[in-house]
Amino acid sequence: MGSSSLHVLKGINFNVEEGELVAIMGSSGSGKSTLLNILGMLDTAEEGDYILDDVPIKDLNETKAAKYRNKFLGFVFQSFNLINYKTALENVSLPLYYQGIPRKERQQEALDYLEKVGLKDWATHLPSELSGGQKQRVAIARALASKPKVLLADEPTGALDTTTSYEVMDLIQKINHEGKTILVVTHELDIAQMCKRIVLLKDGVIIEDKKVEQVLASSYVQ
Amino acid sequence: MFNRDRWREIFETISKNKLRTFLSGFTVALGIFIFIILFGLGNGLKNSFQEFFLDDASNAIFMYPGKTSMPYKGFKANRRIEFDNEDLEDIQTNFPLLIEYTTPRISRSGLTRYKGENNTYTTRAIAPGYQFVEKTILMKGRFINQSDLNKKAKHAVIGRLVAKDLFKNEDPLGKYIDIGSSVYKIVGVFQDDGGDREERYIYIPYTTRQLLEKGNDKVDQIIVTFPKELGHVGALALESSLKKYFKDKKSIDPQDPNGIYFQNLTDDLKQSQQFAVVLQLIVSFVGLGTLIAGIIGISNIMVFVVKERTKELGIRKALGATPRSVIQMILQESIFITAISGYFGLLFGVFVLESIGLKLEDYFIKNPFIDIGTAITATIVLIIFGAVAGYIPAKRAARIKPIVALRDE
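Note that the protein sequences, when read in sequence, are chains A and L. 234 is the number that the working numbering gives the last residue of the first sequence; the numbers go up by one with no jumps. 1723 is the number that the working numbering gives the last residue of the second sequence; the numbers go up by one with no jumps.
These are computed hints drawn from the structure, not numbers from a lab. None of the values given here were measured: they were computed from a predicted structure. There may be inaccurate statements among the hints.
[To be verified] When the alpha-carbon atoms are kept at most 20 Å apart in a straight line, the in silico SDA-like pairs for lysine to any residue are as follows:
1) A/Lys-76 to L/Lys-1557
2) L/Lys-1381 to L/Tyr-1575
3) A/Lys-70 to L/Thr-1624
4) L/Lys-1715 to A/Glu-74
5) A/Lys-79 to L/Arg-1320
6) A/Lys-79 to L/Ile-1714
7) A/Lys-98 to L/Asp-1319
8) L/Lys-1715 to A/Gly-144
9) A/Lys-98 to L/Glu-1626
10) A/Lys-98 to L/Arg-1320
11) L/Lys-1715 to A/Phe-84
12) A/Lys-98 to L/Glu-1323
13) L/Lys-1390 to L/Phe-1618
14) A/Lys-98 to L/Glu-1622
15) A/Lys-79 to L/Asp-1562
16) L/Lys-1715 to A/Gln-90
17) L/Lys-1625 to A/Tyr-110
18) A/Lys-161 to A/Glu-58
19) L/Lys-1557 to L/Ser-1586
20) A/Lys-116 to L/Trp-1321
21) A/Lys-98 to L/Ser-1329
22) A/Lys-98 to L/Lys-1390
23) A/Lys-98 to L/Lys-1625
24) A/Lys-116 to L/Arg-1322
25) L/Lys-1625 to A/Ile-219
26) A/Lys-223 to A/Lys-76
27) A/Lys-79 to L/Arg-1638
28) L/Lys-1709 to A/Asn-73
29) L/Lys-1625 to A/Gly-144
30) L/Lys-1625 to A/Glu-29
31) A/Lys-70 to L/Pro-1637
32) A/Lys-98 to L/Thr-1624
Working from the sequences, and respecting the hints, build out all of it.
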């Protein structure tokens, strides 16, 4: 991925291979959120190139950005961001709706993803009827539903207790194990160490980029 | 193909956000409802007004003889002026193109009897043209005609309430009544929008009245009607030439304010019409005001709705919703809700107007109505403004970067 010169980010140059599980770490103000926003096409860099799956991402208008997001990216947020009046199943099938997939098909697919995160029985429940961990698993299922190239997780465990955090990380590791590229923004070291690579940001520059020995979250989950 | 899906998405959203749906729907329904009620009541007020003031013909000039107050051409002051048959003929020969009908009016009051029933009514002796002066509507039979005049026939046309008083449920046509000491055959029954008093008159040929009063040729008052095309100015000109003609003929000082009195209904008409215009303005203003209040109401709700959904819209955008699809969703939803609830407001308003319609006549509101074209236009205006009011915040919401919308507070 390209370099960018901004007030926040001052020359970021790094490359993520397919199938990697990268943790982006840094204290607040280090530019990790800005980096994720650019990667997520939610924000644009003033300078530099961003190439995703051999496609240069540039000159995006809102409509194009929306289509690329839908096609390439899955988002997982700290506060889950489920639509509160839609059931788990409807939430998961929403990206498929925006892909124009017929209703029957997308409901079946959404159900498959819910099964994958272990919430098939909760398909008809509203987010308010789910626990924090369950909500995040629904959000992960939703992010996966559009079959993205990259999964971007912004503090996915930030709102969860330790046990639930590890359960969610276990799920993320499993998805990564199946070959999905995942970027996780976090400031918790134990979460970062469950990834395969840690990129440490400080004042808009990468001060450390190292492969780590992955800690399996499943060893914490009983 | 995509469309049916979008509708389903909208129905889901609507049915799962009942309060929001209710609020925006209620605003529109209430706006339309109040608009229809106020506009209808305003129209009712206008109707009452028209009935009160515009009942009689407006193209008539009444001439009343009086007493002179100045000596003139050797005559002393305080001389009584009278009209007679010759004056009627003179009007017709001297103003042939300016006059439509000429009729005398001799009013007498007399005890009227039929079988056991009796009552005192005013009898007006007139010519056939009088029907057009009072805008009398015949319910049964016919009005006094020329042949009655020629034969000096003892024929009478009675008002609806005279028939009701004397004949109860009997058919008065062809029956005979006593008026004073003469017997008249009833040839017609009329009604008049001018109220009860107007329906208690009895009309007979003026020639018959003259015959009864010792064969004189006096006609009391003279009423002429003129073509409406004459207009206000023409009517005033006609009045002054009639005045000039008769003052000359009856030897009255041109400066004498008495002698003959003229009443020109065109003056009344002008005043009434001005009043009607003012009334119409008030009705329109009230309608417009209500509509604007409705528009402001729906605009507020739409701004609130979009604000409330900012986060949801951000989520949708992060999941791949294009700005266009976001705007489309909000608009389609708001138009759907406002159209349905506007329609219900319209139906309910018209229904209420219909059901109270006849009960408000005591309060000078007669037949309140709203023409369906106005009602539908108002509904469409409200729907359009609801859509516009939704479009502006929707467009802004669609432009907000998802990351901003999703930012945790």
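Hints, verified against the model:
1. A/Lys-76 to L/Lys-1557: 87 Å, violated
2. L/Lys-1381 to L/Tyr-1575: Holds: L/Lys-1381 and L/Tyr-1575 sit about 10 Å apart, inside 20 Å.
3. A/Lys-70 to L/Thr-1624: 26 Å, violated
4. L/Lys-1715 to A/Glu-74: 9 Å, holds
5. A/Lys-79 to L/Arg-1320: 18 Å, holds
6. A/Lys-79 to L/Ile-1714: Between A/Lys-79 and L/Ile-1714 the Cα gap is close to 16 Å, so the pair holds against 20 Å.
7. A/Lys-98 to L/Asp-1319: The hint holds at about 16 Å.
8. L/Lys-1715 to A/Gly-144: 26 Å, violated
9. A/Lys-98 to L/Glu-1626: 11 Å, holds
10. A/Lys-98 to L/Arg-1320: 15 Å, holds
11. L/Lys-1715 to A/Phe-84: Within the cut-off at roughly 18 Å; holds.
12. A/Lys-98 to L/Glu-1323: 11 Å, holds
13. L/Lys-1390 to L/Phe-1618: Status violated; Cα separation ~87 Å.
14. A/Lys-98 to L/Glu-1622: 16 Å, holds
15. A/Lys-79 to L/Asp-1562: Not satisfied, since the Cα-Cα distance of roughly 97 Å exceeds 20 Å.
16. L/Lys-1715 to A/Gln-90: 17 Å, holds
17. L/Lys-1625 to A/Tyr-110: The given pair, whose Cα atoms are some 17 Å apart, holds under the 20 Å limit.
18. A/Lys-161 to A/Glu-58: At roughly 24 Å apart (the allowed maximum being 20 Å), A/Glu-58 and A/Lys-161 break the hint.
19. L/Lys-1557 to L/Ser-1586: Violated, at about 24 Å.
20. A/Lys-116 to L/Trp-1321: 15 Å, holds
21. A/Lys-98 to L/Ser-1329: 11 Å, holds
22. A/Lys-98 to L/Lys-1390: Roughly 103 Å separates the two Cα atoms, so the pair is violated.
23. A/Lys-98 to L/Lys-1625: Distance ~14 Å between A/Lys-98 and L/Lys-1625 Cα, so the pair holds.
24. A/Lys-116 to L/Arg-1322: 13 Å, holds
25. L/Lys-1625 to A/Ile-219: Judged against 20 Å, a Cα distance of about 34 Å means the pair is violated.
26. A/Lys-223 to A/Lys-76: Violated, at roughly 34 Å.
27. A/Lys-79 to L/Arg-1638: 12 Å, holds
28. L/Lys-1709 to A/Asn-73: Given pair L/Lys-1709, A/Asn-73 holds - Cα atoms ~15 Å apart, limit 20 Å.
29. L/Lys-1625 to A/Gly-144: Holds, at roughly 19 Å.
30. L/Lys-1625 to A/Glu-29: The hint is violated at about 33 Å.
31. A/Lys-70 to L/Pro-1637: Judged against 20 Å, a Cα distance of about 18 Å means the pair holds.
32. A/Lys-98 to L/Thr-1624: 16 Å, holds
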